[in-house]
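Participant: Given next are the chains, with one letter for each unit.
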Amino acid sequence: MKTLLTIISLFMLSSCGMRSIPTALNEIEANWAEVQNQYKRRADLIPNLVSVVKGYAAHEKETLEGVVSARAKATSVNLNADQLTAETMKKFQAAQGSLSSALSRLMVVVERYPDLKANQNFRDLQSQLEGTENRITVARNRYIQAVKNFNNLVTVPPTSWYNSVFLKHDKKPQFQVENIKEMEQPPKVEF
Amino acid sequence: MLKTLHLFFFLCLSINAKDVPTLTGPVMDQANIYSKGFIQSLSSTLREFNKSTGAQLQVFTINNLADETIESYSIKTVDQWQLGNKKSDQGLLFLISVDDRKMRIEVGQGLEGVITDILAGRLIDRAKPYFKEGDYQGGTSYVMTNLMKLINGEIEPKRITKKSRKQGLPFWLIILIIIILFGRGNRRRSSWILYSGVGGGRSSSFGGGWSGGGGGFSGGGASGSW
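Protein chains in written order, with the numbering used here: chain L, 1 to 191; chain F, 1 to 226.
Careful, some of the hints might be misleading.
SDA-like mimics (lysine to any residue), calculated; alpha carbons at most 25 Å apart, straight line [claimed, not checked]:
id: 1; chain 1: F; residue 1: LYS76; chain 2: L; residue 2: ARG41
id: 2; chain 1: F; residue 1: LYS128; chain 2: L; residue 2: VAL108
id: 3; chain 1: F; residue 1: LYS76; chain 2: F; residue 2: GLU133
id: 4; chain 1: L; residue 1: LYS117; chain 2: F; residue 2: GLY224
id: 5; chain 1: L; residue 1: LYS148; chain 2: L; residue 2: ASP82
id: 6; chain 1: L; residue 1: LYS117; chain 2: L; residue 2: SER104
id: 7; chain 1: L; residue 1: LYS40; chain 2: L; residue 2: GLU27
id: 8; chain 1: L; residue 1: LYS40; chain 2: L; residue 2: GLN176
id: 9; chain 1: L; residue 1: LYS117; chain 2: F; residue 2: ARG126
id: 10; chain 1: L; residue 1: LYS117; chain 2: L; residue 2: GLY55
id: 11; chain 1: F; residue 1: LYS87; chain 2: L; residue 2: ILE136
id: 12; chain 1: L; residue 1: LYS117; chain 2: F; residue 2: LEU119
id: 13; chain 1: F; residue 1: LYS18; chain 2: L; residue 2: ILE144
id: 14; chain 1: F; residue 1: LYS76; chain 2: L; residue 2: GLN36
id: 15; chain 1: F; residue 1: LYS86; chain 2: L; residue 2: GLU29
id: 16; chain 1: L; residue 1: LYS61; chain 2: L; residue 2: GLU29
id: 17; chain 1: L; residue 1: LYS148; chain 2: F; residue 2: GLN82
id: 18; chain 1: L; residue 1: LYS117; chain 2: F; residue 2: LYS87
id: 19; chain 1: F; residue 1: LYS76; chain 2: F; residue 2: SER211
Now the in silico label distances, taken between C-beta atoms and shown as ranges [said to hold, decoys possible]:
id: 20; chain 1: L; residue 1: VAL156; chain 2: F; residue 2: PRO129; range: 51 to 57 Å
id: 21; chain 1: F; residue 1: THR24; chain 2: L; residue 2: MET107; range: 38 to 44 Å
id: 22; chain 1: F; residue 1: ASP19; chain 2: L; residue 2: THR155; range: 27 to 33 Å
id: 23; chain 1: L; residue 1: LYS2; chain 2: F; residue 2: ALA66; range: 54 to 60 Å
id: 24; chain 1: L; residue 1: ASP115; chain 2: F; residue 2: LYS51; range: 45 to 51 Å
id: 25; chain 1: L; residue 1: SER101; chain 2: F; residue 2: PRO129; range: 21 to 27 Å
Computed from the model, here is a short list of chain L residues facing chain F with C-beta under 7 Å [what the hints assert, rightly or not]:
id: 26; residue: THR6
id: 27; residue: ASN134
id: 28; residue: VAL138
No lab work stands behind these hints, which were simulated from the structure alone. By construction, the Cβ of each residue, glycine as well, lies at the ideal position given by its N, Cα and C atoms.
All chains should be built: construct the whole structure from the sequences, respecting the hints.
Facilitator: Below you can see the structure in the form of structure tokens.
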């Protein structure tokens, strides 16, 4: 009788958040690690990219320096999964976002140098960079899904009851669209 | 509970997006760009390759992406099919969208070391001329044979070098020849069917089951348009 009661109560606990909330939290940690991992991978590619571009487009100094300083800034913002709050997330995103836009400015500049674009070394770096950007997108999407799952568990009953009594976890921050301001303005087309 | 929740979210998000079909064989030709003979020979090659190396290579052609990017449709497809097994994650998808003139090699986590983004990018670059000319079969076998060659190099480097020394012909070249022979010649196709003992078999019924084994992908690979 006693064992039956424990089994039943265990079963009830398992469906009310005792297991699912920590599991979801671990999922977030793993996904966040992957996000950081991929951003780091991008940062690691940049020195090579800059040196190759320099060889062909040395007088695009401003753009190149923009990338280098944005990279330095982005690599200085590190965030562990337990430090994730809306505020730290905003900082992290701002740093990575400015690196993204510096990189896209560089890629626009590169269009003017056909020799550079034909260089195999540059093409390889470009496919690495594209691959990494895609990995970042995938990692971010998985993080978003994991956070959505976790936030649902801590806010939607019945699991939220268990959370508010025992675990007291807050909601985890989501990624926001990076360039809302830019998106509100219509794109400039120059001929 | 978590899994079902996950699945539920996944379904919620993909209501408006293009659906992923059920996995039925190693060559899924929804765009109808391959001959039956080509599908059969490539399928059996890929099955053999899967048996001998554990790597699960998949070809998938579609007509169009319906406003999705090829990267997002590709990751959605491999997330559903889970190519490769759970331990080694050696899955790979070669996706071709004919109307959009786009293709992508999606590399599973276990193969990222051997098929780097650089190599995938180069393969795509070099397959483009085939696709430009409308030679989809030529382009596909170019990509797949080279992928198999790369994978073989890492998984069993010793065996491959020994074999190629003995036989004079590398393994991938033999596969390429087989594909060319059976993919192009219609007359030979019927004998191939007899030989393999499956009359008029399609990719779905050819050679037993073909399903993913829980392989993980993280967005590696390369895409290109022709």
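Participant: Could you run down the list of hints and mark each one as holding or not?
Facilitator: For each hint, the structure was consulted:
1. LYS76/F <-> ARG41/L: Holds: LYS76/F and ARG41/L sit about 23 Å apart, inside 25 Å.
2. LYS128/F <-> VAL108/L: Status holds; Cα separation ~24 Å.
3. LYS76/F <-> GLU133/F: With a Cα-Cα distance of about 29 Å, the restraint between LYS76/F and GLU133/F is violated, given a limit of 25 Å.
4. LYS117/L <-> GLY224/F: holds (15 Å)
5. LYS148/L <-> ASP82/L: The hint holds at about 17 Å.
6. LYS117/L <-> SER104/L: holds (15 Å)
7. LYS40/L <-> GLU27/L: holds (20 Å)
8. LYS40/L <-> GLN176/L: Holds: LYS40/L and GLN176/L sit about 20 Å apart, inside 25 Å.
9. LYS117/L <-> ARG126/F: Cα-Cα ~16 Å, so holds.
10. LYS117/L <-> GLY55/L: holds (12 Å)
11. LYS87/F <-> ILE136/L: Holds, at about 23 Å.
12. LYS117/L <-> LEU119/F: holds (17 Å)
13. LYS18/F <-> ILE144/L: Given pair LYS18/F, ILE144/L holds - Cα atoms ~20 Å apart, limit 25 Å.
14. LYS76/F <-> GLN36/L: holds (22 Å)
15. LYS86/F <-> GLU29/L: holds (21 Å)
16. LYS61/L <-> GLU29/L: Violated. LYS61/L to GLU29/L sits at ~39 Å, over the 25 Å cutoff.
17. LYS148/L <-> GLN82/F: holds (22 Å)
18. LYS117/L <-> LYS87/F: violated (39 Å)
19. LYS76/F <-> SER211/F: Holds - the C-alpha atoms of SER211/F and LYS76/F are around 16 Å apart, at most 25 Å.
20. VAL156/L <-> PRO129/F: 51 to 57 Å: At roughly 54 Å between Cβ atoms, PRO129/F and VAL156/L fall inside 51 to 57 Å, so the hint holds.
21. THR24/F <-> MET107/L: 38 to 44 Å: holds (40 Å)
22. ASP19/F <-> THR155/L: 27 to 33 Å: Because 30 Å falls inside the window, the suggested range holds.
23. LYS2/L <-> ALA66/F: 54 to 60 Å: Holds: the Cβ-Cβ distance is about 59 Å, inside 54 to 60 Å.
24. ASP115/L <-> LYS51/F: 45 to 51 Å: Between ASP115/L and LYS51/F, where Cβ atoms are some 47 Å apart, the hint holds.
25. SER101/L <-> PRO129/F: 21 to 27 Å: violated (35 Å)
26. THR6: This interface hint is violated because 20 Å lies over the 7 Å limit.
27. ASN134: holds (5 Å)
28. VAL138: Holds - the Cβ of VAL138/L comes within 7 Å of chain F, reaching about 3 Å at its closest.
Going down the numbered hints, you'll see the structure goes against 3, 16, 18, 25 and 26, while the others check out.
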